[in-house]
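Just need the whole structure built from these sequences, with the hints factored in.
Going line by line, the protein sequences match chains A and B.
Under the working numbering, residues 666 to 889 are what the first sequence spells out, in order.
Under the working numbering, residues 666 to 889 are what the second sequence spells out, in order.
Treat the hints with caution; some may be incorrect.
Chain copies aren't distinguished; within one or between two, either way the pair holds.
As the list claims (entries may be wrong) - In the DSSO-like style, the derived pairs of lysine-lysine whose C-alpha atoms are separated by at most 27 Å in a straight line are: (1) Lys-681 to Lys-791; (2) Lys-735 to Lys-751; (3) Lys-791 to Lys-679; (4) Lys-751 to Lys-681; (5) Lys-751 to Lys-679.
In short, the hints are calculated from the structure, not lab data.
There are 2 protein chains.
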Amino acid sequence: MPRIHFHQQLAALKDKLLAMAALSQQALEFSLNAYLTLDVGLCNHVREIEAAINAAERDVDQMAYDLLAKEQPMAIDLRFILSVIKINGDLERIGDQSTNIAQRAQSMSGLPQISLPIDIPAMGEKVGVMIRCAIQALLEADARLAEHVLQLDDEVDAMNHAVQDELLNVMQQHSLVSEQALNAIIISRNLERAADHATNIAEDVIFWVRGSDVRHKFSLDEAD
Amino acid sequence: MPRIHFHQQLAALKDKLLAMAALSQQALEFSLNAYLTLDVGLCNHVREIEAAINAAERDVDQMAYDLLAKEQPMAIDLRFILSVIKINGDLERIGDQSTNIAQRAQSMSGLPQISLPIDIPAMGEKVGVMIRCAIQALLEADARLAEHVLQLDDEVDAMNHAVQDELLNVMQQHSLVSEQALNAIIISRNLERAADHATNIAEDVIFWVRGSDVRHKFSLDEAD
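As structure tokens, then:
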């Protein structure tokens, strides 16, 4: 029963990718908590999760490669495996963005704490929703839910732009807190990039489900 | 003679990827020229190249998918096609970084011009060398040349860090030029990210040539 065996392997690949997604989501949540609490222990924990993500990325790639080599899948199964390879890369990069946020949080922990007129948690929350929806869309083969992720990306882009403008203004008015403002600018950009990776995942789900390529058909506010 | 036909298709795929690489390199060069000259026409030209890159990315992906679906390649050919899919994504993202640089150049063109104590062209030059070497490594199946790219990435990371420190200092001392300094910080980060994509390409070449996965075995200064 080679086909049954093959579909068990496909299911195992999907499970492995979901475990990888859980790690990436956790890394992002912890990094935002590290930013809010300036807890250096949390920053180190994000680095540990990132190491686990990197190992998981290799495993997923190897499983996908083995399936392609041994089973020579066709049509929708082939598209699914190719999507997994791409989604895997995007999840790993969400882990990278989380590590960058944790690094910035760590460097902020050594500076005087100030209150900035921006809402990083709200932005982080929206990015978290995007990642969850993108993964749910993958689980349920739901292209409409994936399209919702593309809409949320526009909102995150707008939030990022507002943060950049606000903090540039802070820097110009209060040069003493330039470093804190710059850290927050970089964290906002990291979140915006994590949102882009969630968008890539959603596009790959649409490619898998519909067999169409939606990349670059939506106008993006900023190119990356 | 199906195998001969298959190898013609593989060669066509490689040619298409090389054309894509040429576009990405061109986008980066023009974006740096736009930064140096603050020429808005050049910024628009980078956007046109980016549109061509996006179209080329879709074509390469489709060719790779068709080859996998119709020819069911094995071993080194399968690894090559999977590498092409990944390299394609990284080249597209180098195009994105270039577009971001051009956007920053455009917004700088409306500000008073100042001289900053950093050397963006030297950094851009090194990133250009990285991309060229990574592509040459692909052409010649040269894993040692690809390893050289990984070393250069450490140098670009160090340059980016020096730029960030220097420009933070400028912001703290001269809040009037905060916007110019922030633009230069973002451009430096865009270059550092383009270097990361060249590094990814080099790693994929090593995976293809040696069949080993070198990702995450080299310590990276910053996670992305």
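Quiz item: Which numbered hints are broken by the structure, listed smallest first?
Solution: Hints that this structure does not satisfy do not exist here, as all of them hold.
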